[in-house]
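Using the hints provided, position chain B relative to the given structure of chain A.
Read top to bottom, the protein sequences are chains A and B.
Okay, so the first sequence: first residue is 27 according to the working numbering, each after it adds one.
Okay, so the second sequence: first residue is 27 according to the working numbering, each after it adds one.
I should point out that these hints are in silico values taken from the structure, not numbers from a laboratory.
Hints may contain errors.
One copy or two, it doesn't matter: identical chains are merged, so the pair holds either way.
Think about it this way: if two alpha-carbon atoms lie no more than 30 Å apart in a straight line, the pair counts; the simulated BS3-like pairs of lysine-lysine are [claimed, not checked]:
| # | residue 1 | residue 2 |
| --- | --- | --- |
| 1 | 188 | 237 |
| 2 | 170 | 366 |
| 3 | 237 | 366 |
| 4 | 210 | 46 |
| 5 | 334 | 170 |
| 6 | 317 | 305 |
| 7 | 251 | 28 |
| 8 | 28 | 249 |
| 9 | 29 | 251 |
In this text, all values refer to a predicted model and were calculated from it rather than measured experimentally.
Protein chains: 2
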Amino acid sequence: MKKFYIAKTRRLRDTPYTEKIESQGLTAYTVYNHMLLPASFGPLDESYHHLKEHVQVWDVAAERQVELKGKDSGKLMQMMTCRDVSKFKIGRCYYSLIIDEKGCLINDPVVLKLSEDKFWISIADTDVKLFAKGLAIGLGLDVKISEPDVNIIAVQGPKSFKLMEKIVGSKILEMKFFGFDYYKFNNNNFLIARSGWSKQGGFEIYVENRKAGQELYDELFEKGKEFNVKPGCPNLIERIESGLLSCGNDFDYEDNPFECGLDKYVDLNMKADFLGKKKLIEVVNQGIKRKLMGVKIDLDQIEISSGKPLYDKNNIIGYLRSATYSPTFKKVIGIAMINKGYFDKSRGFELRLNRKASQGTICDLPFI
Amino acid sequence: MKKFYIAKTRRLRDTPYTEKIESQGLTAYTVYNHMLLPASFGPLDESYHHLKEHVQVWDVAAERQVELKGKDSGKLMQMMTCRDVSKFKIGRCYYSLIIDEKGCLINDPVVLKLSEDKFWISIADTDVKLFAKGLAIGLGLDVKISEPDVNIIAVQGPKSFKLMEKIVGSKILEMKFFGFDYYKFNNNNFLIARSGWSKQGGFEIYVENRKAGQELYDELFEKGKEFNVKPGCPNLIERIESGLLSCGNDFDYEDNPFECGLDKYVDLNMKADFLGKKKLIEVVNQGIKRKLMGVKIDLDQIEISSGKPLYDKNNIIGYLRSATYSPTFKKVIGIAMINKGYFDKSRGFELRLNRKASQGTICDLPFI
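Only chain A is shown next, with the shape it has when bound in the complex:
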């Protein structure tokens, strides 16, 4: 596959760690929330095996925060999400779908409740800030919406627990999944959550002070030597195997949560209203017409930058949306939106790419 460089300009913002990762063997970027997000440090499969065994430090500053602050912040938060915000507790993270008036997905952030009138929406790659601003202005809500200068470092992998214990002390080991709290390093307070975009365990450090964050970044590598620490980034193989959905890849503005298998993050019984609630009730009553499923394909490499049709003879049964070669399954695996009538896992399909037909089968998510 041909490779192309990325052209850098201020519009694709750098992070406080850009200079560091570029001297640590970075090979490719993606762009996320108008910011550089590292996409590989050499072969994906090497990084995949390392992530599953050791510990990695990731520059995920591109995971930007939309801050809602003020009297009506909870009201605005509730209007945008189909989870019951009245149940949100301070010190907890909530995977919350942002829904539009059609019941379709705008984003799938993790929301942190910082205080009764302050939320951080840790967004995927769409400008949720502009949506929130439009709504707040239109409704005359008393809420201040901003993007604070928070630049997340993720520490991921099974040895992340030992590494973080060495850095901030053993109290961090008591934190439950999706909890967050403040921890001290070098006399600076850091909000740290037990979360991250892998299923290998770990933490996300919400860095609010750039210089302190850079020092912490270096310390993670210094103290991490004994755990074989390496720089890394969200790993395409690991995240597809784990069934972690990616906004813009696996779903977009035309998809609803039920089509994406995200039923458990939709609360249609809560008292409060939210955008698209009526539409989602309709979807439940009518049933979905397609859904995201796993696929396995007899190929040893793949790269896609649009949805690719999957065929049963000459019928399109769905579209492949994300794909990678998996060293575990020794074939290409992916996530596809499959049309109703083709959910049957015993039937195969054909993918026609670059004038070559490959055979594949459907399966459930996650793969592992």
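Showing chain B alone in chain A's frame:
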């Protein structure tokens, strides 16, 4: 300067022309509106000289359209911009600033009025659709907001007129700057505007039918042979020399139109209200505290991915936001936000990059 690849996935959408440009010598991409935008076909200066002398065909599908349709489309359009929408005529393009409630810039699109109740907002790189949706929902407006599948081909350069004449006939030569009309090619209608992101003259073809657009793309190269046609893309050297501002590079959410020298696109005397009108009147009364200016720096190459401070001794006089080596001036030229008190063009400044200090001077925009 180290170079890094771009990692492709569906989230960075391809265009109907992606396969073509990748076989035509493309070397680098940028990402714009969640889509691949070509950024170079070999050395920038070669492409620069070619653009100023001949004709280029650009895949600028990433310049997405936000369509407003319905009874309240004009009302919503007016709410978002500081130009007087009541004066917009069907068949004309309008460079229109999208302003938030603070009077700051959200985007700087060209707006096409297609009919009394239909507009296309041809956006720069922020999700204006989400802002418009939020506003429309909050205000209960009767307007349908969508991103139609329009994929622009730009034809730019002094010989673009002769080439387009050969493709769609001589009537296109009568079109005035920023006019648009429909023209036929192979029995398909194309909306074509006399516009484009260079100062070398040319057209933008708003392709609504992918297959017809791909045929037109090929025909432009076939018929363009005699004019020395080449594939191209917005050229960093040409656009900085011409003073074409780039949203996200030269200005961002914290800047107002007056700081960017965009005074003539702000109408504070119109009857209608728009977001941020009061704030902009305040800005006029108080005067601006900084403004975008040109800079020339004694360097023979540069690449920046964040604003870089410019020093007068130890005072920061402003930040460099875009920069490139210019073969015309035989030095680096750029666009910088300069603080009040330092607008004097006779004084120099120092740029400290990669532990090296370079001397520079301030000048007016555009350079040429």
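Going through the hints against the structure:
Taking the closest pair of Cα atoms, residue 188 and residue 237 come within 30 Å of each other only inside a single copy of the chain (24 Å); across copies the shortest separation is 56 Å, beyond that limit. When the C-alpha separation of residue 170 and residue 366 is checked against a cutoff of 30 Å, the pair qualifies only between copies, where the shortest distance is 28 Å, while the shortest distance within a copy is 43 Å. For the identical chains of this complex, residue 237 and residue 366 are inter-copy neighbours only, at 28 Å across copies versus 52 Å inside a copy, given an alpha-carbon limit of 30 Å. When the C-alpha separation of residue 210 and residue 46 is checked against a cutoff of 30 Å, the pair qualifies only within one copy, where the shortest distance is 23 Å, while the shortest distance between copies is 53 Å.
Taking the shortest Cα distances, residue 334 and residue 170 sit within 30 Å of each other only across copies (28 Å), while inside one copy they are farther apart (41 Å). For a Cα distance limit of 30 Å, the shortest separation of residue 317 from residue 305 inside one copy, 17 Å, qualifies, whereas the shortest one across copies, 47 Å, does not. In this homomeric assembly, residue 251 and residue 28 come within 30 Å of each other (Cα to Cα) only across copies, at 26 Å, whereas the closest approach inside a single copy is 35 Å. When the C-alpha separation of residue 28 and residue 249 is checked against a cutoff of 30 Å, the pair qualifies only between copies, where the shortest distance is 28 Å, while the shortest distance within a copy is 38 Å.
Only between protomers do residue 29 and residue 251 lie at most 30 Å apart by alpha-carbon distance; the minimum there is 28 Å, versus 33 Å within a single protomer.
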